[in-house]
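Visitor: Residue numbers (this note's numbering), protein chains in the order written: chain X, 1 to 584; chain B, 585 to 1176.
Take the hints with a grain of salt, since some may be wrong.
Partial selection, computed: residues in chain X whose CB lies under 8 Å from chain B [to be verified]:
no., residue
1, 44
2, 47
3, 108
Distance condition first, Cα-Cα at most 30 Å in a straight line; then the derived DSSO-like pairs of lysine-lysine [unchecked claim]:
no., chain 1, residue 1, chain 2, residue 2
4, B, 918, X, 185
5, X, 224, B, 617
6, B, 788, X, 127
7, X, 185, B, 617
8, B, 1067, X, 568
9, X, 520, X, 360
10, B, 1059, B, 1004
11, B, 918, X, 224
12, B, 822, X, 481
13, B, 1064, X, 187
14, X, 127, B, 822
Which residues of chain B face chain X? A few of them, derived with a C-beta cut under 8 Å, are [unchecked claim]:
no., residue
15, 645
16, 805
17, 1021
18, 1136
19, 1166
These are computed hints drawn from the structure, not numbers from a lab. Just so it is clear, CB atoms sit at the ideal spot from N, CA and C, and this is done for glycine as well.
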Amino acid sequence: MIFTLKWLLPYWRRHAARMTVIVVFGMASAALQAYNPMLIKNIVNGLSANLTPEYLRHNVMLILGVGFGLFVTNLVAQRNRAWMNARLEWEIRRDVFNHVVHMDRNFFHRFTTGDLVARLSDDISEKISWFSCSGVFRFVQACFTLVAIVGMMLYLNPVFALCVLAPLPLVLFLSLKTGRLLSGKYKDLQESITELFDFLETCFTGIRVIKANAKESSQLGFFKGRTAAQREAEVSTARLQVLFSYFWHEAGFLSIALLYAVGGLLVIHGKATLGELIAFQFYANMVVMPLMDISQFVVAGNRAGVSIRRVNDLLASRSSLKHDLGDMTTPDHITSLEFRRAGLKSPDGQAMLVRDITFKAARGQRVAVVGKIGSGKSTLLSLALRLSEHDAGEMLVNGTDIRAWNLPLFRERVGYTAQEAAIFTGTLRDNILMDRKFGVTESMLEKALETSQLRQELHKFPKGLDTVVGTRGFALSGGQKQRVAIARALLTGPDVLLLDDATSAMDAQTEHLFWKAFRKEHPDALCLAVTHRARTIETSDLILVLEDGRLAEQGTHDELMARGGQYKLIYERQKLREELGDKD
Amino acid sequence: MHHDNHDDGQDPKETINYKETFRLLSGLIRSRKGPFAVAFVYTLVSTLVSLLVPIIAKYVIDTALPARDTAALLVATGAYLATTVVFLYFNYLQVVQLARAGQDLIVDLKERLLGHMLSLDLEFYSSMPVGRMTARVQSDTSTLYALFTNTVISIVNDALMFAIAFFVMAYYNLKLTLMLVPMFPVLAVLGWIFVKVTSPMYVKVRKLAAEVPGFLTEQLNGIGVLQAFSREEDTSAKMEDLNRRKFTAEMRVELLNVVFFLSIVFLHPATTAAVFGIGGKMVMSGKLTVGVIVMFVMYLGYLFEPIFRFSEHLSVIQRSFSAGHRISKILALKPALTEPKDPHFLTTVRDSIDFRGVWMRYKEDSAWVLKNVSFSLPRGQSLAILGETGGGKTTVTSLLFRFYDFQKGHIEIDGTDIRKLSLGSLRSAIGLVQQDIYLFPGTVMDNLKLMDASIPDSRVHDAIRVMGLDPFFKKHPLDKKVKEKGANLSIGEKQVISLTRAMVLDQEVLVLDEATSNMDPHTERLITSAIKNLLKHKTVIIIAHRLSTIRSADRIMMISGGEVKELGTHDELLAAGGLYSKYYRLQYGEGE
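Just need the whole structure built from these sequences, with the hints factored in.
Guide: As structure tokens, then:
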């Protein structure tokens, strides 16, 4: 809990004025609330004695006034708490997201997309947001209220106060006990629900097997057994829930019974007034509410604490990219890329993902990277783009340490397509331009469309370049996605092009046309391409064969075929596969 | 978490069929008339009793205290305790009774719904994502549960309470009561307007809330590309924009919310002040007692509570109608493939399965998926089907189960057209084994029986012995609980279970869809020997991937583009030097 509050403290500090308002108005609300029964006491006592119209009007106005005061103070406190909840959700998500987008590739291996999305949305929105202000400051206000009520009661009549407070320890004790029982029941219930969801998912995904074996009725029979289990869990949870609710909402009745008996006797004997008795009846009903907020603070706080730790894990991660080697960026084109025994550790640092990679590529060359799944091809490309920072050997660009290049300027000269062609919600044009507005002309866009072979596809899109694509837009085929990715990479005429299996979903003819157009438009570009297609491999200037993260062989097609090693096997199998038309 | 499935799969513009949905909902209530009536009686008692409390307070103030009557005071206190206990008791009974009745009703509905879904054709299953189907059975029904247990009864309860409280108040002082009455209908109307105004705003908030994970998924999946093009700042700006829009939408609806609710909260002291102000004057002129005023103030407390619940009730009713609409839409679907008239009943396959010149397409205007497919599979033999993805392998086996009907040609079992066979008996006689499976939450034994409790345990033990898998099931005992769809078992282990299941279900003919997952050599050996065992004991059609499986089959059929390209034994096809021999070389080679 201390960690949680400490973690939230800087966020509160940023909004010091608003937080002060929340606390001050919370205190005012607590005071008014505690004062309210006192007015009822005055009126009732007045009614029982000699009442003047002025006295009545005065007190009625006071009730109205206090009621209105409560309205205003609560409005200000609640509104600002809600504002802070939403605002902190925004700020926390912004801080974490901005941190995450600058992380290196290792980070994204360690945290999958699903995991990151869960932490950035569910954890922040559902668990942290409410607690970050409401959870904490409702608790603070509840403490004020409790103190104010108890203080007022003691001031008005200590004996009555004792009557109201006496049953509370018992109520608290019992409510904690049932609360614990209840959370056990919730767990059982959740489990029975999870089982049903699992069952249904299994049943629906395996529907072919069930229908093929004509086992529909036994499935239904089994389902009946499980729903019966959920029914039991639901009923016994409801049972305990109602008992639990009694402790919070109805427990005042013990205090009130005590008040009637003890207080009534005191009134009869003239030791207390009727007004006091009735005022305390109100206090008895009021005193439980703050206790509810207090217990909620503990429950929600523990949950928020878990989420805050999960979010903090992300913020505590550091990118391995180095920025302190001085800036030796030159305005020249990139003309050579050299790896010297370069390597990269796995995220846990235990093994090497790739190691001892040595090769040199010059402008105008195409380097094909081949190898099995998991042999390190994508890792090699991500080193060249500095999505990961190599931690063994050397990497040189134009003979200069790659780390001494200004990262955005370096990446501006490199085009890249990822293995999974990333398409973002937006128009086709947006997806190619990627917000690069400066120095991009319409003719550059035309050229990129032409080279990437996207031009001839455009008529298939309802609104051409202005068609909205992505998760909620027009669905692109795999080949179309890849062409968009290539057009995006070629747009600014990069010196280096890194293609990670960028043509796998294209047919052989389209791919051939692409390479032809590419060489014509970008004769000087250095291209590093992970590819499977035999024709692309054999016509490359240099072929790198990766095996288990190491460079097993390198050379031209003829050299490697003559060697009769790993490459020859891969190549011949690929040829055969293409003949069979097998894409797996 | 998949439990909070907000994917209701509904076109927002789609209008709800209120009549049909109401029929479903009222039919459900009628099916449990008795239990609901009992719950109603409990509600009546608890409400009546709870309304006695202010009267007791009045008695204490007006009678016991002024008379300085200690005995009366203690009796009143006792009465107060007694009514409260009776109220709590009956309220408890009511909640439990409703939970029981509501659960019974929902359980019935769930079973009816699942039973109906299971009777539908495979087309239904391909038309709807699995998450949406589970949401229909679990989430929508639990919305209805909230309607039946909470909303309906509490509306009845609140109406009752209003009526009785006003009656009692009017009995004691008509004038003061009449001044309070008009406020409540006005409040109800205001509540209704509030729901009308805010519910589209809430829809917007929920939509924006759902946009956040969508946006994050898209951006983080493409993070490599974003970084490659130095788009980090742009992405952050987009995130910022989404955050701002969500914040703004939330704040707008939150403002209305807080003002509305606090206004109602403020009405409480306002009416209290009115009661004291007006009632106080009556007291001065001797027309009213202090006790009645206190009683009125206490009743007001009772009457304000339902107003807070009112808007929530409205939204539950709204959601229930959407849920009910979705459920009745599924219940209205009818399967296309049903039992034929005067069917032949198949117990087992005695001679052979024959495909003769079978043509098939899924829709009238789409391309042929199978073109002139013919083959014959004698009992006890095995046939391996090979071919590219989408080439028609699975369609061949689907036709055998009559998941779909074909357009031309004949499919016969022991010389009888399968369209004349009873669907149930056909599918019982032929088994399907799929290897990429989830396991059911239950024991390994349950899973081996495919949840069919009528299969005796001894058959499971026999099957395991025949398959030679005793050591495997020593390691994974039959009473082992499967967790999270089989997450506590490896892919290979799940496949072993699925293969053993085929033997347990004990059908003469099996269709086996072999999986191509990578796994450790030990499990791989276990599986290949299990498949060999099945091939030895059964008549098998196998969609094969492993070379060892293909080699053990009696005959091999190459399918490509919906046509049978080659059919024969391994040696025959290899000698022919066609497609299969190439495929064989590809599989046989080392490497990728």
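Visitor: If a hint holds in the structure, say so; if it doesn't, say that too.
Guide: Comparing the hints with the structure gives:
For the restraint placing residue 44 of chain X at the interface with chain B, the shortest Cβ-Cβ distance is roughly 6 Å, inside the 8 Å limit, so the hint holds. For residue 47 of chain X, the shortest C-beta to C-beta distance to chain B is roughly 5 Å, which falls under 8 Å, so the interface hint holds. The interface hint given for residue 108 of chain X is met, as the beta carbon of that residue sits about 6 Å from the closest beta carbon of chain B, less than 8 Å. Using a Cα cut-off of 30 Å, the hinted pair residue 918 of chain B and residue 185 of chain X is violated, with the two alpha carbons roughly 40 Å apart.
Annotation: proposed proximity of residue 224 of chain X to residue 617 of chain B holds, straight-line Cα distance about 22 Å (limit 30 Å). Taking the CA atoms of residue 788 of chain B and residue 127 of chain X, the gap is near 21 Å; set against the 30 Å cutoff, the hint holds. A C-alpha spacing of about 29 Å is found between residue 185 of chain X and residue 617 of chain B, which places the hinted pair at or below 30 Å, so the restraint holds. For the hint pairing residue 1067 of chain B with residue 568 of chain X, the CA-to-CA distance comes to about 46 Å; that exceeds 30 Å, so the pair is violated.
Distance restraint check for residue 520 of chain X and residue 360 of chain X: the Cα-Cα separation of roughly 23 Å lies within the 30 Å cut-off, and the hinted pair is therefore satisfied. Annotation: proposed proximity of residue 1059 of chain B to residue 1004 of chain B is violated, straight-line Cα distance about 45 Å (limit 30 Å). The hinted pair formed by residue 918 of chain B and residue 224 of chain X meets the criterion: a straight-line CA distance of about 23 Å does not exceed 30 Å. In summary, the hint linking residue 822 of chain B to residue 481 of chain X is supported, as the alpha carbons are separated by about 22 Å, within the 30 Å threshold.
Taken as a hint, the residue 1064 of chain B and residue 187 of chain X pair is honoured in the structure, with Cα atoms around 21 Å apart against an allowance of 30 Å. About 23 Å separates the Cα atoms of residue 127 of chain X and residue 822 of chain B, which keeps this hinted pair within 30 Å; it holds. Evaluation of the residue 645 of chain B hint against chain X yields a held restraint, the C-beta minimum of about 6 Å falling below 8 Å. At about 5 Å, the closest approach between the beta carbon of residue 805 of chain B and any beta carbon in chain X falls short of 8 Å, and the interface hint on this residue holds.
Of the supplied interface hints, the one on residue 1021 of chain B holds, with its beta-carbon coming within about 6 Å of a beta-carbon of chain X, less than 8 Å. A cut of 8 Å between beta carbons decides the hint on residue 1136 of chain B: the least distance to chain X is about 22 Å, and the hint is violated. Evaluation of the residue 1166 of chain B hint against chain X yields a held restraint, the C-beta minimum of about 6 Å falling below 8 Å.
Checked against the numbered hints given earlier, the structure breaks hints 4, 8, 10 and 18 and satisfies all the rest.
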